[in-house]
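K.L.:
With chain A's structure known, arrange chain B on it following the hints.
Spelled out from the first residue to the last, the chains are:
Number of protein chains: 2
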Amino acid sequence: MTVLDTLVKHLSRLPGVGRKSALRIAYHLLAADEGFTTALAHDIMHLKERVRPCSVCGNYTEADPCDICSDPSRDRTTVCVVEQPQDIAVLETTREYRGLYHALTGVISPIDGIGPEDLTIGKLIERLHSGEVKEVILATNPTVEGDTTALYLVRLLEDRGVAVSRLALGLPVGGDLEYADRLTIARSLRGRTPLSSN
Amino acid sequence: MTVLDTLVKHLSRLPGVGRKSALRIAYHLLAADEGFTTALAHDIMHLKERVRPCSVCGNYTEADPCDICSDPSRDRTTVCVVEQPQDIAVLETTREYRGLYHALTGVISPIDGIGPEDLTIGKLIERLHSGEVKEVILATNPTVEGDTTALYLVRLLEDRGVAVSRLALGLPVGGDLEYADRLTIARSLRGRTPLSSN
Numbered sequence: 001m002t003v004l005d006t007l008v009k010h011l012s013r014l015p016g017v018g019r020k021s022a023l024r025i026a027y028h029l030l031a032a033d034e035g036f037t038t039a040l041a042h043d044i045m046h047l048k049e050r051v052r053p054c055s056v057c058g059n060y061t062e063a064d065p066c067d068i069c070s071d072p073s074r075d076r077t078t079v080c081v082v083e084q085p086q087d088i089a090v091l092e093t094t095r096e097y098r099g100l101y102h103a104l105t106g107v108i109s110p111i112d113g114i115g116p117e118d119l120t121i122g123k124l125i126e127r128l129h130s131g132e133v134k135e136v137i138l139a140t141n142p143t144v145e146g147d148t149t150a151l152y153l154v155r156l157l158e159d160r161g162v163a164v165s166r167l168a169l170g171l172p173v174g175g176d177l178e179y180a181d182r183l184t185i186a187r188s189l190r191g192r193t194p195l196s197s198n
Numbered sequence: 001m002t003v004l005d006t007l008v009k010h011l012s013r014l015p016g017v018g019r020k021s022a023l024r025i026a027y028h029l030l031a032a033d034e035g036f037t038t039a040l041a042h043d044i045m046h047l048k049e050r051v052r053p054c055s056v057c058g059n060y061t062e063a064d065p066c067d068i069c070s071d072p073s074r075d076r077t078t079v080c081v082v083e084q085p086q087d088i089a090v091l092e093t094t095r096e097y098r099g100l101y102h103a104l105t106g107v108i109s110p111i112d113g114i115g116p117e118d119l120t121i122g123k124l125i126e127r128l129h130s131g132e133v134k135e136v137i138l139a140t141n142p143t144v145e146g147d148t149t150a151l152y153l154v155r156l157l158e159d160r161g162v163a164v165s166r167l168a169l170g171l172p173v174g175g176d177l178e179y180a181d182r183l184t185i186a187r188s189l190r191g192r193t194p195l196s197s198n
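Residue numbers (the numbering used here), protein chains in the order written: chain A, 1 to 198; chain B, 1 to 198.
The shape of chain A in the complex, shown without the other chains (with noise of 0.2 Å):
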């Protein structure tokens, strides 16, 4: 097998790269220039060595703890559980919020035998042990895992003295009510926002 096959081999295996893609890619790094391809490969190799999870948060950062963490402008009361430390980043792109974050590393799914002791759990409630957090905004999918994981953090949160949140359901903006299905409809309206309370 020459380099050129092995190479279209583990591209094809990355996340929306396909066969034809992958051949694009090798021919467009065989044609590109030397520099460009020596720090490509340079960046995949130091990645998983530079880049780690935050030991407080679960984030990808490159110092511990990471630059949110250890961010003193943020508002420390509050905790976004996220699935998984990519969502962190997705967040932040809405520049809506400015409390803290913490990365389950994934759902509780007995189909895929992950229970709740596979997540970061444990180290989510320790966190709360110093009485400084007064909010959990629970961020997971609005999947069947997503929403197991939520309600049995719901029931372990009971009684710690924090408020628990979830994101709301309903139309995404710029949606269109004819081609939203069902559900999203149905959590829509039982999810609906009082405009005036006459």
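Some clues are possibly wrong.
A pair holds if it fits inside one copy or across any two, identical chains being indistinguishable in the list.
What the hints assert, rightly or not - Listed next, the in silico DSS-like pairs over lysine-lysine satisfying Cα-Cα at most 25 Å (straight line):
| no. | residue 1 | residue 2 |
| --- | --- | --- |
| 1 | Lys9 | Lys134 |
| 2 | Lys123 | Lys134 |
| 3 | Lys20 | Lys48 |
| 4 | Lys123 | Lys48 |
| 5 | Lys134 | Lys48 |
| 6 | Lys9 | Lys123 |
| 7 | Lys134 | Lys20 |
Hint data in this document are derived by calculation from the structure and do not stem from the laboratory.
P.N.:
Coordinates of chain B only, in the frame set by chain A:
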């Protein structure tokens, strides 16, 4: 800039990879096992070092001359001229052609400042000197630049004792007349295949 940021920046310069896919790939690599990322980095690093253009036909190869040029079972009387070395791999997947190839490494494109002297046309003429080659098939793309290059080559190859042909233009297999463009239909009419001689 962190390694993650630079990696995403570099990945999003690859063809077909936008910022979102680059992020997804980077997170996939972070979660992937060490062996895979090391192998991928290694492939990219050594690709340009090991894979070089064949000194005869310009095909990408690790051995020189390439597998096709040195295969004694190939028909050495026919040379198929393509724009890019990667086009050879595409033609090879058809298993229809058993001759040799010649990659021009580009097309004549005055707007980009690319003239015949920037392509491997001189080398192609040299290959015809031995008199072994009897037919040249022009497989440049059916674009303005590909057509210009083909026309240039037809004129250049006149009176050199070789037959010159071009890939057929017409409807793609599985295509639909309704969705074919005007030019393609016109070319498929002009190049219609006789089925009976009555």
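K.L.:
State whether the alpha carbon distance between Lys9 and Lys134 is at most 25 Å within one copy, between copies, both, or neither.
P.N.:
So Lys9 and Lys134 fail the 25 Å test inside a copy (49 Å) and across (38 Å) alike.
K.L.:
First find the shortest C-alpha distance between Lys123 and Lys48 inside one copy, then the shortest across copies, and answer within, between, both or neither for a cut-off of 25 Å.
P.N.:
Answer is within: at 23 Å inside a copy they meet the 25 Å cutoff, but 46 Å across does not.
K.L.:
From the Cα coordinates, with 25 Å as the cut-off, is the pair Lys123 and Lys134 best called within, between, both, or neither?
P.N.:
within (16 Å within a copy, 75 Å between copies)
K.L.:
Pop the pair Lys20 and Lys48 into one bin, within, between, both or neither, using alpha-carbon distances up to 25 Å.
P.N.:
between (27 Å within a copy, 20 Å between copies)
K.L.:
Are the CA atoms of Lys134 and Lys20 at most 25 Å apart within a copy, between copies, both, or neither?
P.N.:
neither (51 Å within a copy, 34 Å between copies)
K.L.:
Could you place Lys134 and Lys48 in one of the four classes (within, between, both, neither) given a Cα distance threshold of 25 Å?
P.N.:
Neither: 34 Å inside a copy, 56 Å across copies.
K.L.:
Quick one: Lys9 to Lys123, C-alpha cut-off 25 Å, is that within a copy, between copies, both, or neither?
P.N.:
neither (39 Å within a copy, 33 Å between copies)
Checked against the numbered hints given earlier, the structure breaks hints 1, 5, 6, 7 and satisfies all the rest.
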